[in-house]
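Keeping their order, the protein sequence lines are chains G and V. Here the first sequence is numbered in our numbering, starting from 1 and rising by one per residue. Here the second sequence is numbered in our numbering, starting from 1001 and rising by one per residue.
If you are wondering where the hints come from, they were derived from the structure by calculation, not from laboratory data. Predicted model, so just to flag it, every value in this text is computed and none were measured. Some hints here could point you the wrong way.
[Said to hold, decoys possible] Straight-line C-alpha distance at most 27 Å; calculated DSSO-like pairs for lysine-lysine:
1. G:K365 / V:K1283
2. V:K1283 / G:K236
3. V:K1247 / V:K1283
4. G:K236 / V:K1302
5. V:K1283 / G:K239
6. V:K1247 / G:K37
7. G:K310 / V:K1302
8. G:K335 / V:K1283
[What the hints assert, rightly or not] Stretch by stretch, here's where chain V covers chain G in the computed footprint (C-beta under 8 Å, at least three residues):
9. 213-219
10. 237-251
11. 451-458
12. 465-472
[As the list claims (entries may be wrong)] Computed far set for chain V versus chain G, every beta-carbon distance over 10 Å:
13. P1041
14. M1067
15. R1088
16. A1126
17. K1175
18. R1214
19. W1216
20. G1231
21. W1292
22. N1321
23. N1337
Here a beta-carbon is modelled for each residue, glycine too, at the ideal position from N, C-alpha and C.
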Amino acid sequence: MTNSIGEIDNADVMFVIGANPTAAHPVIGYRLKMAAKNGATLIVADPRQIELVDYADVFLRLRPGTNEALLNGMIHVILAEGLADEKFIRERTEGFPEMAAVVKKYTPAYAAEITGVPAADIRRAARLFAGAENASIFYTLGITNHTTGTDGVLSVANLALVTGHVGKPSSGVNPLRGQNNVQGACDMGALPNVFTGYQGVGERGARFKFGRAWGTRLNPRPGLTITEVFDAIYTKEIKFLYIMGENPALTEANLHHVRGALEKVDFLVVQDIFFTETAAYADVVLPAAAFAEKEGTFTNTERRVQMVRKAINPPGEAKPDWVILSALARELRLKWNYATPAEIFQEIARLNPAYAGISYQRLEKEGGLQWPCPDAKHPGTPYLHQDKFVRGKGLFTPVEYQPPAEEPDSDYSLLLTTGRILFHYNTMTRYSGAIEPFKPEEVAQVNPADAGHLGVVEGETVKLSSRRGHIAVRITITDAVPPGVIYVTFHYRESAVNLLTGSALDPVTKTPEFKICAVKMEKLATAGA
Amino acid sequence: MITLTINGHRVEVEAGSTILEAAEKLGIFIPTLCHDPRFTPAGACRMCLVEVERARALMAACSVPVMEGMAVHTDTERVHAARKENLRLLLANHPLDCLTCEKNGDCRLQEYCYRYGIAESDYQGARKEYALDESNPFLIRDLNKCVLCGLCVRVCHEINGAGAIDFTNRGFYTKVAPAFDDALEASSCVFCGMCVDVCPVGALTPKQGLRRGRPWELQKVRTTCPFCGTGCGLELSVKDDRVVGVKGDPASPVSRGQTCVKGRFGLDFLHSPDRLQKPLMRKNGEMVEASWEEALSLIASKMRGLRGREMAGFSSARATNEENYLFQKLFRMLGSNNIDHCARL
């Protein structure tokens, strides 16, 4: 997030697109809801009628996969009606003419044709957003989990730049990060192309810096992403896979492909707190400690580094991940001697300039600190891009709408989209004695028109199939989903929706298109299960 | 700024402050049941009554704004008599089962009765007889213990926004309930548990720590929630190496004490019997228990036999920064940049 969660309280306009915070980020959901109740304007763009729609001033019910057309349409209105922040565009951005040239053809009528959103609503949303004193955009995987995910993010940035709604309190671009420490894992360089602090492995200076700190020579070639690793297992380029605390055998797209790779790889290590679906494929499984059984830090969606404190001992012989990794490093004859997580953090602060001013002492004394925090006296940064962008000028990027990789057709006539519900968190809450009995199974959402067409009733179990696989799933009939769309969460191994999803990727981020694939729904009896 | 005196002590506070806030500034105690600085004042419980010179009636310190030259007394006989009378009225309809009540030791009604020496009520009459609501897996509602302070109603409307519960009926029959007196699970309740955290008595009890420890036996550990990227502050209650309770941490700059169902009620996965407790190794196709030495030396031997580009590692958005740092450091020191995690998924 370029802003802080606390800044929602003072928002004038909030634009939520491709995010369902009342389910996926509930406390942020409360804030958005209360801000709307207290008078802030709320615009929601989503194919589904999510809870926030009840509080929204404008609901843009777009067809799945048409984010870029909607955003281009809004920008078109802003430019056509002279609502752009010309001073901001002049002083703080570049690339405006190229972007403006592309959005020219996205008239409200053209955008409406692609998105299914009435042109009048596109105009209204654009005027509200551009006319606000401050305005923030909130998005998550509804923008990124597409083959056009990168384009979606760039479009969001274009909208913020053209209105000057960035770099101010309560004004900015706010991806709500999914997992507790997904921000931190990125900051630490658990990515194929960058070391800690986004310093490129291809940059000589960065390689020298880390090579000297670690006492070794480093590989200058960026590595493979998760999705590419699975492909490389099939081609025998990858022979050894070590998975710490992830469950790709359930949460990755196109599971048959993934499970085949896990089966095929020469040696698989899985380190986790449970014997997951992925662990079943392992050669060695290592028992890890959970968050309450160790010390460390997490970095949240607003870039705030916060303490994680030990409350209890791990069960049996389970150990914290950092202890296991240190032991393995010593087994590999690397000279690692970390006595505490605090020592590891000091090393991080020395190598990552954004964390340089953060220490356990400060976190204990001051609570969390938001990066960038470059020195020990720096108070942290509640919002980014105040006077200038990291790259200097904010860059407009022209984005054209492109259809999804797989669209419904005569064989597979429904569009499947996936997500979460409030009560479950990915696959971990399935182990909660309180939550699991409350929400023990999938309840897929089907529009009354589609249910009527097939003659299925509330609570019936149906067969859903795509070109890649099939599952049986119980349904509820609701107009929360539009006709032609079916919604299934990815929490349940018994109805693993990713057996259906495709492996088409965003060309830049290699993110699979979890949000769209074509499926057909059949009655279980006639489908013969 | 407004200047007033409380019990003869001068204090300056901003205009619009309440008598209670002025008293807090002086460190003067005023009991409250229905007050929480995060919500609109209700003035419902009348525990905070104080005497204001030249005012006819006693005033509710939680909701009366200060005025220039005001002279307030919090410890007079008249104030004490009123507070005692209020407690007697509350006790007239409150089960005295403190021996088994989960709130024993952390109950504000109990605390004030102790402070003012009220053991029982002189008022005998009709008593509330509501059935215990244990229908959902998260919390128990015992409306017989409810003092109608309305904190749960206000947290639900003013913080969560769900507005699942409110006062229903009138007079003696007043109670807090979802619309149509439905079960919570049939209402707009999202089981955030914040009503449980603000309840000053034993009317709302979480099921998670039932009979697992008294408040004074619990060690409190402040930490960060392990579920989504919001990063809410949590306060874990620990006894005998078990997490027996969870509350939102009001000091958290992120969540200000707020929680959702997952952080508040979903942490019992920690004590799941399915937790992995020993390393496992595949021998003749079977997963069997192994020692750490065996497991690590096997992994190391496999890694030593490979070039960096032949190995890959998936790190974890669930693990700490320190662990993610070490994970990528380990692979990079072995010559592999094939490190990723689920951020792109």
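Hint by hint, here is what the structure shows:
no. : hint              : in the structure
1   : G:K365 / V:K1283  : violated, 50 Å
2   : V:K1283 / G:K236  : holds, 23 Å
3   : V:K1247 / V:K1283 : violated, 44 Å
4   : G:K236 / V:K1302  : holds, 15 Å
5   : V:K1283 / G:K239  : holds, 19 Å
6   : V:K1247 / G:K37   : holds, 26 Å
7   : G:K310 / V:K1302  : violated, 33 Å
8   : G:K335 / V:K1283  : violated, 31 Å
9   : 213-219           : holds (count 4)
10  : 237-251           : holds (count 12)
11  : 451-458           : violated (count 0)
12  : 465-472           : violated (count 0)
13  : P1041             : holds, 17 Å
14  : M1067             : holds, 28 Å
15  : R1088             : holds, 38 Å
16  : A1126             : holds, 36 Å
17  : K1175             : holds, 24 Å
18  : R1214             : holds, 18 Å
19  : W1216             : holds, 18 Å
20  : G1231             : violated, 3 Å
21  : W1292             : violated, 7 Å
22  : N1321             : violated, 4 Å
23  : N1337             : violated, 3 Å
Going down the numbered hints, you'll see the structure goes against 1, 3, 7, 8, 11, 12, 20, 21, 22 and 23, while the others check out.
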